[in-house]
Amino acid sequence: MDIVFSRLGDNEARFVLEGVSDGFANSFRRAMMSEVPTLAIEDVRIYDNTSVLFDEILASRLGLIPIRTDLSTYRLPSRCECGGAGCPRCYTVYTLSVEGPCMVYSGDLVPRDPAASPVHDRIPILRLFENQKLVLEARAVLGKGKEHSKWQPTIACGYKHYPVITIDDRCDGCGMCVDECPRGRLANGKGKARVIPERLELCLLCRLCEKACKRGGIGSEPAIRVDEERSRYIFNVEGDGSLPVREIIKEALLHLKESTRSLLESLDEIAGGTSDEESE
Amino acid sequence: MIPVRCFTCGKIISLAWEEYRERVEGGEDAGTVLTDLGLHRYCCRRMLLTHKELVKDLNPYQ
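One line per chain: the protein sequences are A and C, in this order. By our numbering, the letter at position 130 of the first sequence is numbered 130, and the numbering carries on one by one without gaps. By our numbering, the letter at position 32 of the second sequence is numbered 32, and the numbering carries on one by one without gaps.
Just chain A, same shape as in the assembly (with noise of 0.2 Å):
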């Protein structure tokens, strides 16, 4: 298994992933997304709501609002030695007292845990107008994205096949295709059509060269080519903010190994009470 990191900021990564299969790419871009778990508001209390939204939509704004999360501080309630009851590991609590008319946003909410602030300051949760007033208190805990996307760590976050573009020599350079591409990774050069090197990762895989090169009448087969190599993937991960894009891939990893380790402990048990069986 090789990994080339051709971008790693602190929201965004892009890599390339090689030897292995389709299988292993899909589970670990479900990992990213769902099992890395991130601290999102869950129950707001109202003390008082005299603005034009709704209780609920005004709760289900804060939730989806980006919280930095600091693993390392909280525990999922499922797993805190507390039980779920609610303890200072496994949930934070924020304050908002506002009165219009002005805007609220989400740096207005004041965090118990500094640390645990909100990832922008600027979100706007709702417009307050002259004597509307809003005062609640909520509750954030830590979630998984297979339950509610709030807790997805990741926004966009997928892959796909490694390109791989083969211009045979019935090419005649019309510049059909390079015309065609919408990602600009062709190019015309000593009557034929080549490929930029470094624009090659941003091909779609829409083969609309192919369909360019056949309107040419160059025949039934296309003199451009676009396959997919097997077991090597780009990767394309974009995080909310609330955790560190490094972070995301580091836990992801550690949930499948950790889910692996698992399956062959319960295979042991199973082959280990066979076995034993077989020798009595």
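No lab work stands behind these hints, which were simulated from the structure alone. Keep in mind the model is a prediction, meaning the values are calculated, not measured. C-beta: ideal position from N, C-alpha, C; glycine also. Treat the hints with care, as some may be off.
[To be verified] To be clear about the criterion: a stretch of chain C counts as covered by chain A if any three or more of its residues have a C-beta under 8 Å from a C-beta of chain A, and this derived list gives those stretches:
no., region
1, 21-35
2, 49-62
[Claimed, not checked] Pair ranges (Cβ atoms, derived):
no., chain 1, residue 1, chain 2, residue 2, range
3, A, I196, C, L54, 42 to 50 Å
4, C, V55, A, E198, 19 to 27 Å
5, C, L54, A, T260, 47 to 55 Å
6, C, E28, A, G216, 35 to 43 Å
7, C, L54, A, D2, 21 to 29 Å
[To be verified] Only pairs whose alpha carbons sit at most 27 Å apart, straight line, appear in this in silico DSS-like list of lysine-lysine:
no., chain 1, residue 1, chain 2, residue 2
8, A, K160, A, K250
9, C, K56, A, K133
10, A, K192, A, K214
11, A, K133, C, K52
Use these hints to put chain C onto chain A, whose structure you have.
Chain C in isolation, oriented as in the chain A frame:
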């Protein structure tokens, strides 16, 4: 109110709303503003393009 996140990909698009509205009302091209604000996917772009702010209209009927 503008949705907090893009319905499809989950990007926080509400951050861009106020600047987007100001600049478009100021006569700039909506497409250029969206690209400027870092909204490259068409799912996020449609969120702002097709949004109609209604809270002001609703307010008298409280």
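Hint check:
Counting residues of the region 21-35 of chain C whose beta carbon lies closer than 8 Å to any beta carbon of chain A gives 0, which falls below the threshold of three, so the coverage claim is violated. Figure legend: the region 49-62 of chain C, annotated as covered by chain A; annotation consistent (5 residues with Cβ-Cβ distances under 8 Å, at least 3 required). Range check, I196 of chain A to L54 of chain C: about 47 Å between beta-carbon atoms, so the 42 to 50 Å window is met. For the hinted restraint 19 to 27 Å between V55 of chain C and E198 of chain A, the CB-CB distance of approximately 47 Å leaves it violated.
For L54 of chain C paired with T260 of chain A, a C-beta distance near 50 Å keeps the hint of 47 to 55 Å intact. Judged by the Cβ atoms, the range 35 to 43 Å given for E28 of chain C and G216 of chain A holds: they are separated by roughly 40 Å. For the pair L54 of chain C and D2 of chain A, the beta carbons lie near 52 Å from each other, so the given range of 21 to 29 Å is not met. Among the hinted pairs, K160 of chain A with K250 of chain A is consistent with the structure: their alpha-carbon atoms are about 20 Å apart, no more than 27 Å.
A threshold of 27 Å between alpha carbons decides the hint, and for K56 of chain C with K133 of chain A the separation of about 16 Å falls inside it, so the pair holds. At roughly 15 Å between alpha-carbon atoms, K192 of chain A and K214 of chain A fall within 27 Å of each other, so this suggested pair holds. Of the pairs offered as hints, the one joining K133 of chain A and K52 of chain C holds, with about 24 Å between alpha carbons and a cut-off of 27 Å not exceeded.
Hint check: violations occur at hints 1, 4 and 7; the rest are consistent with the structure.
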